[in-house]
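These protein sequence lines are chains A and B, in that order.
Residues 1 to 729 (our numbering) make up the first sequence, in order.
Residues 730 to 961 (our numbering) make up the second sequence, in order.
Keep in mind that the hints were calculated from the coordinates and are not lab data.
C-beta: ideal position from N, C-alpha, C; glycine also.
Do not take every clue at face value.
Stated by the list, open to error - Which residues of chain A face chain B? A partial, calculated answer using Cβ under 8 Å:
no., residue
1, Val66
2, Leu631
3, Tyr637
4, Leu724
Stated by the list, open to error - Here's a subset of chain B near chain A, in silico, CB distances under 10 Å, partners left out:
no., residue
5, Phe756
6, Glu760
7, Ile815
8, Leu828
9, Asp891
In case you want the letters, here they are:
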Amino acid sequence: MILNKRIKRVLFQNKTQYIGLIFLVALSISLYAIFGSLAFNFNEATSTYNSKTNIEDAKFLTLKEVDIDKIKGLYNVNLEKRYEVDVNFKNSTLRLIELTGEINKPLIIEGRMIKEGEIALNPAYAKANNIKIGDVINLEGYEYSVSGFVSIPDYIYPTKSLTDLMADPTKFGVAIVSSKDIKKYSGLNYFYSIKGDISNAKEYIDKEYKILMWQDIKDNLRFTLAKKKIEQLPQLAVKIPLLFLSLTFILLFVLLKRIIKLEIKEIGTLYALGYTKSEIQRHYLFYPIIISLLGTILGAFFTLLLQKPLTDYYVFYFNIPVSPNVKYNFLLYGLLESILILSLSAYAASSKLLKYSPTTLLRGKIESQKISKLTNIKLNKLKFKHKFRIRESLRGVSKIILLIFGIFTASTLLLVGFAAKGSVDALINKSIKDTFKYKYSYILKENINKNEINAEGFKVAYFKNEETNDNIIIHGLKKDTKHIKLIKDKKEVKVDKVYITSSLYDKLNKKSSIKLINLFNNKTIDIKIDDVVDVYTGNVIYMPLEMLNQILNEDRNSINGIYSDTKLNIDEDKVLKIENIEEILKSFDVALEPVKYMLIAMGMLSFIIALIVVYIVTSLIIEENKHSISLLKILGYYEGEINSLMLSFMFIPSIIGYALSIPFVKAFLSSILNTSLKDMNLAMPIEINPVYSILGYAIIYIVLVISKFISRKRIFNISMVDILKLQKD
Amino acid sequence: MSINFKNVTKEYKTGSNSFFALKNVSFEANEGEIVAVLGPSGSGKSTLLNILGGIDRSTEGEILFGDTIVSKLSDKELTKYRRDNIGFVFQFYNLIPNLTAYENIEIAAELTKSSLKIDEVLEAVGMMQNKNKFPQELSGGEQQRVSIARAIIKNPKLLLCDEPTGALDYATSKEVLELLDKINKMYGTTIFIVTHNTSIASMCHRIIKLRSGQITDVRINKDRISPKEVEW
Ligand SMILES: Nc1ncnc2c1ncn2[C@@H]1O[C@H](COP(=O)(O)OP(=O)(O)OP(=O)(O)O)[C@@H](O)[C@H]1O
Ligand SMILES: [Mg+2]
Numbered sequence: 001m002i003l004n005k006r007i008k009r010v011l012f013q014n015k016t017q018y019i020g021l022i023f024l025v026a027l028s029i030s031l032y033a034i035f036g037s038l039a040f041n042f043n044e045a046t047s048t049y050n051s052k053t054n055i056e057d058a059k060f061l062t063l064k065e066v067d068i069d070k071i072k073g074l075y076n077v078n079l080e081k082r083y084e085v086d087v088n089f090k091n092s093t094l095r096l097i098e099l100t101g102e103i104n105k106p107l108i109i110e111g112r113m114i115k116e117g118e119i120a121l122n123p124a125y126a127k128a129n130n131i132k133i134g135d136v137i138n139l140e141g142y143e144y145s146v147s148g149f150v151s152i153p154d155y156i157y158p159t160k161s162l163t164d165l166m167a168d169p170t171k172f173g174v175a176i177v178s179s180k181d182i183k184k185y186s187g188l189n190y191f192y193s194i195k196g197d198i199s200n201a202k203e204y205i206d207k208e209y210k211i212l213m214w215q216d217i218k219d220n221l222r223f224t225l226a227k228k229k230i231e232q233l234p235q236l237a238v239k240i241p242l243l244f245l246s247l248t249f250i251l252l253f254v255l256l257k258r259i260i261k262l263e264i265k266e267i268g269t270l271y272a273l274g275y276t277k278s279e280i281q282r283h284y285l286f287y288p289i290i291i292s293l294l295g296t297i298l299g300a301f302f303t304l305l306l307q308k309p310l311t312d313y314y315v316f317y318f319n320i321p322v323s324p325n326v327k328y329n330f331l332l333y334g335l336l337e338s339i340l341i342l343s344l345s346a347y348a349a350s351s352k353l354l355k356y357s358p359t360t361l362l363r364g365k366i367e368s369q370k371i372s373k374l375t376n377i378k379l380n381k382l383k384f385k386h387k388f389r390i391r392e393s394l395r396g397v398s399k400i401i402l403l404i405f406g407i408f409t410a411s412t413l414l415l416v417g418f419a420a421k422g423s424v425d426a427l428i429n430k431s432i433k434d435t436f437k438y439k440y441s442y443i444l445k446e447n448i449n450k451n452e453i454n455a456e457g458f459k460v461a462y463f464k465n466e467e468t469n470d471n472i473i474i475h476g477l478k479k480d481t482k483h484i485k486l487i488k489d490k491k492e493v494k495v496d497k498v499y500i501t502s503s504l505y506d507k508l509n510k511k512s513s514i515k516l517i518n519l520f521n522n523k524t525i526d527i528k529i530d531d532v533v534d535v536y537t538g539n540v541i542y543m544p545l546e547m548l549n550q551i552l553n554e555d556r557n558s559i560n561g562i563y564s565d566t567k568l569n570i571d572e573d574k575v576l577k578i579e580n581i582e583e584i585l586k587s588f589d590v591a592l593e594p595v596k597y598m599l600i601a602m603g604m605l606s607f608i609i610a611l612i613v614v615y616i617v618t619s620l621i622i623e624e625n626k627h628s629i630s631l632l633k634i635l636g637y638y639e640g641e642i643n644s645l646m647l648s649f650m651f652i653p654s655i656i657g658y659a660l661s662i663p664f665v666k667a668f669l670s671s672i673l674n675t676s677l678k679d680m681n682l683a684m685p686i687e688i689n690p691v692y693s694i695l696g697y698a699i700i701y702i703v704l705v706i707s708k709f710i711s712r713k714r715i716f717n718i719s720m721v722d723i724l725k726l727q728k729d
Numbered sequence: 730m731s732i733n734f735k736n737v738t739k740e741y742k743t744g745s746n747s748f749f750a751l752k753n754v755s756f757e758a759n760e761g762e763i764v765a766v767l768g769p770s771g772s773g774k775s776t777l778l779n780i781l782g783g784i785d786r787s788t789e790g791e792i793l794f795g796d797t798i799v800s801k802l803s804d805k806e807l808t809k810y811r812r813d814n815i816g817f818v819f820q821f822y823n824l825i826p827n828l829t830a831y832e833n834i835e836i837a838a839e840l841t842k843s844s845l846k847i848d849e850v851l852e853a854v855g856m857m858q859n860k861n862k863f864p865q866e867l868s869g870g871e872q873q874r875v876s877i878a879r880a881i882i883k884n885p886k887l888l889l890c891d892e893p894t895g896a897l898d899y900a901t902s903k904e905v906l907e908l909l910d911k912i913n914k915m916y917g918t919t920i921f922i923v924t925h926n927t928s929i930a931s932m933c934h935r936i937i938k939l940r941s942g943q944i945t946d947v948r949i950n951k952d953r954i955s956p957k958e959v960e961w
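With the hints as extra help, turn the sequences into a complete structure.
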């Protein structure tokens, strides 16, 4: 068909516009393929990982030493004891873990398995502390040669304490050494790992040996957090590329409509010659196919380039070997999806125009026959330039929608980044900086009288929710404590009744009382909750010290915790746990460092997308109005004035698009974040910092200014004389 | 403002060939004259008019508009020159389709502080009752009236009309010519009319004839008749 010969010419003539489209397709396909492959590889990695490592079902600690063989004989379980010890290495803590042979078998990621006198570390820690395979390191008097990097199944996300949310590889790492080597150290800890039919065994173990601590693997954040974080991927893998594809849909629609209008006369001729509508429509389907194919080729290139670095980056903190291979079927799905969506666009763009009779088409004018109601409004009261802009925009409603949607997409991308950062900042500020006003908190192994010390004391007690089995901590505080600042509706409240954290409140589905089981004596108590405070981390209940002591049946002055602004000199043996707020904040900083790069990448991406859309819209406007522009030039308008008449209306749709994206991003983020955060004992206040909102629009504004600048040159290049020669009408 | 062409040449180069749309064209015209530019198709009439109106440039020679050397103006100065001095009327009207008649005139009125009153000009061209119509809703003659109104609203010193009646029937053409004559009288505007039609020349003060880019004849029309009497 003769029209097919035009395709190459049309694509070439408007190459920047089509390169923009191809780029968008490439972007959505590569995002889809990269995240799809990553999620797939990760799932595969975890499922083979679990069987390869024979990961535990639970770990526990008992009062009396258990008889492993006896339990194995009685129940269908496997049981193993594993030693561990924390050693200092250059200002950081390295947890040495005994190499086990049955449960929680470590997996070598790089290098080889250890022998006696050798050590293998988790890669993030090794990298943060500049340790390489083959190095010899000295750990508290014993030398080891590094044989490789390792993944330890119950430390996929290696946090120091079980309740930590953020892993800080500069401060904490895990490593395996042989049984013989670990026994050289003093102060060893141990846990039992159990796998198999554990529920009956648990009861027996508790009866015989008294369980002090029991943690099912599904409650182990070191394991579940990684899963949670990666499970969000498929959601992103589908949603974001789809947004890009719908943008491409509208862009192609607008561009094809324009081409078809230019080709109207040829189409009329073909009709007159006897071609059918479907034959002609088939021709227009070449565009989406070519764009999709080229987009996929470019997308495949992006994917091949980025899959490995992104995989490495994404799983860096998770300490689990994930294959960086591209799953090519995602590229294929992407291609099909793109062909489908864009063909629909081509179909929509062509079918209405092709309905006209050959004679109408031959006349070459189909639109301006009658004036639409929209255009025919009276604007006499307005200033001329406003009138002109309104008429101009009413004529190109599809372009306005395109502009709004394009800016919306770009802003969404931009704001997701900003909101994530803003929310984390708010989380840190509200939950940590604003709430915890002490520098150190010590938790003691035994109760003391609060009058024995000249610092502020408190009491912690450990419970679990009878219904859900979640661990819940109760803090008994001094009524006018200076060290914990509870805030409710922006006002500080006194600890004179029972408060709970927002995160726990969300988790309890906003109930006002709960049944708790005391982990020490298994007694059940009922707690009535009076109010919720703005603390977004932890399953914590705050109440007056005396009230807690009453519940526990302990002396009203009894405490087991101390808040302090300085480091205290307490006998290490008496301390169960020391918390240093500064270190916690630092670990957040380290963990959030990658977020910064993500933000920059997302910002650049949205800048490019906005630029593509705005460029296409402005070049379309200028092309369609070539005639009017040349007339305005003849009349004596300067390029700048024409530019402003033609393009200034863009600012309003851009503001609308941006404004629409704000509530969308909030809803989108809270839907994907809060479901997964609930399991991490976190409630994220979704916030877009006003400064970021302004910054975000500034980026969009810059895009508009740049494209206005580019279009000024195009206006300059429109010849006044040539237009007059084109015999119009 | 008098107009003076001195050896104006317009050369188009296509590859190694070159083509002269105008070659050594020289003529003078006085302020307030109606000037007819006659010649067969391709003789360079539009080229001459476009160069005079500052929307095209000559390759050689000098164009004077009063004391202004138009051929030496920068792009920006040329825009200013058009803005302050020139009104254009074209064969195919060239109105902006999505603006009403009134707004099509307003677009030119915006350019100057000393513009005429839009309603007054609409009255003068006889389009008062059609001022809120869009171009598609107007006949060719009516559109041409709007286009003339647009050209004169700035009260330009020079009105350039390229085949203003080329697309119109006899009766309408005569009405347009009468309108141009009226404007010339009312505002003292210098008017150039490019045309194929030799009869039209009889209503003009000065007649320039072109052939193959060269002037074959420039003469003052002593037996000037009113447009009403023009016939063809
Ligand atoms: N861009 C160009 N490149 C080459 N030649 C050109 C170009 N523009 C015009 N010409 C030539 O210059 C000559 C004069 O053109 P012009 O438009 O001035 O003629 P005209 O007298 O107005 O004709 P008509 O009565 O048909 O409008 C023509 O022969 C035309 O082919
Ligand atoms: Mg001409």
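Here is how each hint holds up against the structure:
1. The criterion of a C-beta within 8 Å of any C-beta in chain B is not met by Val66(A), whose closest approach is roughly 87 Å, and the hint is violated.
2. Residue-level restraint check for Leu631(A) holds (minimum Cβ-Cβ distance to chain B is 6 Å; threshold 8 Å).
3. Annotation: interface hint on Tyr637(A) holds; nearest CB of chain B at approximately 7 Å, less than 8 Å.
4. Annotation: Leu724(A) was flagged as interfacial toward chain B, and the flag holds, the nearest CB pair being 6 Å apart, inside 8 Å.
5. Residue-level restraint check for Phe756(B) is violated (minimum Cβ-Cβ distance to chain A is 21 Å; threshold 10 Å).
6. For Glu760(B), the interface hint is violated, since its Cβ never comes within 10 Å of a Cβ in chain A; the closest pair sits about 20 Å apart.
7. With a least beta-carbon distance of about 7 Å to chain A, the hint placing Ile815(B) at the interface is held under the 10 Å criterion.
8. Of the supplied interface hints, the one on Leu828(B) holds, with its beta-carbon coming within about 6 Å of a beta-carbon of chain A, less than 10 Å.
9. The restraint placing Asp891(B) at the interface with chain A holds, with a minimum CB-CB distance near 7 Å, inside the 10 Å limit.
Consistency with the previously given hints fails for numbers 1, 5, 6, ordered from lowest to highest.
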